[in-house]
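J.: Sequence:
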Amino acid sequence: MSPATILDRIRDLFASDPGAHLDCISDAFEKGTLTEPAPPMSDQELARAIREFRSAPVSDWSLAKLSRRFVEASTPRDD
15 MSPATILDRI RDLFASDPGA HLDCISDAFE KGTLTEPAPP MSDQELARAI
65 REFRSAPVSD WSLAKLSRRF VEASTPRDD
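Count the sequence shown with the working numbering and you get residues 15 to 93, in order.
Check the hints yourself; a few may be wrong.
Once the Cα atoms are required to be at most 25 Å apart in a straight line, the calculated SDA-like pairs of lysine to any residue come out as [claimed, not checked]:
1. Lys45 <-> Thr19
2. Lys79 <-> Pro90
3. Lys45 <-> Glu66
4. Lys79 <-> Ile64
5. Lys79 <-> Glu66
6. Lys45 <-> Leu27
7. Lys45 <-> Ser76
8. Lys45 <-> Asp57
Just so you know, these hints were derived from the structure itself, not from any lab.
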């Protein structure tokens, strides 16, 4: 099946609003720049990434943003 046929079938699935995303896929097919998605992480890679993330210090910016969210969530809203 040709890339154009595949793309036409995808467009049929989203007939109401094909959007710019499908145009981007079409351009990539035409230019030959479409690449496969990255393979998923192994369990060990994911565990290592989580350990690294959790061991990183929390930034002042992150704490301030979280604080603002708590204040906004605790403020009563007029509906």
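J.: Next step is simple, just say for each hint if it's right about the structure.
T.: Now the hints, each set against the structure:
In summary, the hint linking lysine 45 to threonine 19 is supported, as the alpha carbons are separated by about 16 Å, within the 25 Å threshold. Between lysine 79 and proline 90 the alpha-carbon distance is near 19 Å, which keeps this suggested pair within the 25 Å criterion. Of the supplied pair hints, the one linking lysine 45 and glutamate 66 is violated, its CA atoms being roughly 38 Å apart against a limit of 25 Å. Only pairs whose Cα atoms come within 25 Å are accepted, and lysine 79 paired with isoleucine 64 is accepted, the gap being roughly 22 Å.
Restraint check for lysine 79 and glutamate 66: satisfied, since their Cα atoms lie roughly 22 Å apart, inside the 25 Å limit. Note on lysine 45 and leucine 27: the hinted pairing holds, with a Cα-Cα distance of about 23 Å set against a maximum of 25 Å. Between lysine 45 and serine 76 the alpha-carbon distance is near 41 Å, which puts this suggested pair outside the 25 Å criterion. A C-alpha spacing of about 35 Å is found between lysine 45 and aspartate 57, which places the hinted pair above 25 Å, so the restraint is violated.
Hints 3, 7 and 8 from the list above are not met by this structure, while the remaining hints are.
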